[in-house]
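The lines below spell out each chain.
Number of protein chains: 2
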Amino acid sequence: MNRITGKVIIAGAGPGDPGLLTVKALRAVEDADVILYDALVNTTILTYAKPSCRLIYVGKRKGCHAYPQHVINELLVHHARSSRVVLRLKGGDPYVFGRGHEEYTHVAKHDIEVEIIPGISSAIAGPACCGIPVTHRGTSESLWVITGTLSDGNFSSDIKLAARSSATIVVLMGVSHLAEIAHVICELRSTAEPMAIIQNGTTNQQQAVKGPAYKIVELAEQYEIGAPAIIVIGKVVDIADAFHFLNLQEANLRLAV
Amino acid sequence: MNRITGKVIIAGAGPGDPGLLTVKALRAVEDADVILYDALVNTTILTYAKPSCRLIYVGKRKGCHAYPQHVINELLVHHARSSRVVLRLKGGDPYVFGRGHEEYTHVAKHDIEVEIIPGISSAIAGPACCGIPVTHRGTSESLWVITGTLSDGNFSSDIKLAARSSATIVVLMGVSHLAEIAHVICELRSTAEPMAIIQNGTTNQQQAVKGPAYKIVELAEQYEIGAPAIIVIGKVVDIADAFHFLNLQEANLRLAV
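Line by line, the protein sequences give chains L and W.
Everything in the first sequence is counted per the working numbering, starting at 32 for the first residue and increasing by one.
Everything in the second sequence is counted per the working numbering, starting at 32 for the first residue and increasing by one.
Every clue listed holds true.
Heads up, the list lumps identical chains together, so a pair's fine if it works in one copy or across two of them.
Using 27 Å as the maximum straight-line C-alpha spacing, the simulated DSSO-like pairs for lysine-lysine come out as follows:
(1) Lys81 / Lys55
(2) Lys191 / Lys266
(3) Lys266 / Lys140
(4) Lys91 / Lys38
(5) Lys266 / Lys246
(6) Lys38 / Lys140
Quick caveat, the hints were computed from the structure, so don't treat them as lab data.
Working from the sequences, and respecting the hints, build out all of it.
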């Protein structure tokens, strides 16, 4: 079998807090000869790499991809042919809207060994860092994780089915569609349905607001909460302690209905 | 402020593979004076505890809880009053069907400092370790994580809404309801809808089968796949390489439709 000696590891870097990296991913960072990393990877993690490790940023710059996906795929193969360990480090989990499987498939078809290391998804840790349990007995017994923007650029129709369910909904990459999402929730759940927007969750830049569906667009604008952020929808949002949120007391006063 | 010196940390131990513990949770294990752990926590993780650390098993024995939830809550408070660091180590993530928030609330109301450390959920890492990406562009752009058994013992009605969506569905604690789940999927998606059952995912006891919805109950019985296991439903199941699954070639031959 014509195996190339280099190996590719596709690992999740977790939601932002470097302490939420897995032990396995940390070992991979320490061992890597080349690391290709995304915009959402906390660069503190890269300080654990060997001095000789080559660090290649392949994320977005000013909204534009530094490299399109097919070039990233090619870079993985290219470096695996001249390095022992190539680490592809992705924000969150590589299989939760991470295009990890596209990279896996491309590398594997070149007969290069490839390993997947799951990471903590911001879909779960993002709410947790604001005190929101995505499930809680008697409040919510399911969790729907959805992307705000489909690969064809459209808005997912699944959001309407999700709104009809009792699930906690977490929308990733959905801030640019916030008004549409809040409208669907007002229509299919209630104008009072609790929503939260969490920007840079689990990091020291974390900012979050919460409020009823009918007011959430205004709150996000007022407190300038924008991408990268997740949207959390459901009764579990109201479980969270207020201190995690920006000026919540003021917001609560203004929002009293 | 009448703060007690002890601190409680509620941490996810991840899906089984000790390497999937977070760096933060590993530090907590090393630092803890008392660890209360569940049945789904890989005991290899406990070998990183200090020799003086007191290890208390609070999981299920032969289907019965060693301690009911209110006793676990009390134990956390009790030990925090005489120890510096009390670690509550839970399988997967404490906020994904983990009752983590019930423990958090109980400890916090006793004015004891409490910290949550998210863990990798088997809902994402379980499929990944069998080569199943829970999302994949063009195949599935949302993920619904649901419990097979509600806290009132009933079967969740959300499964029917989930079946009508295009989401990848991951059912935790659902093996005892497998026949009902497969029936709903046959009725609302298709008899050919790909399903997988993954037992002890990410560990060296991992076993898994996959097949169409109409045959999955028979396959699970034939290969004796039972709890603790997760059920994965959706087109992404067919993306997985066959080698992760038990006797798949044979199963495929027999299942040819």
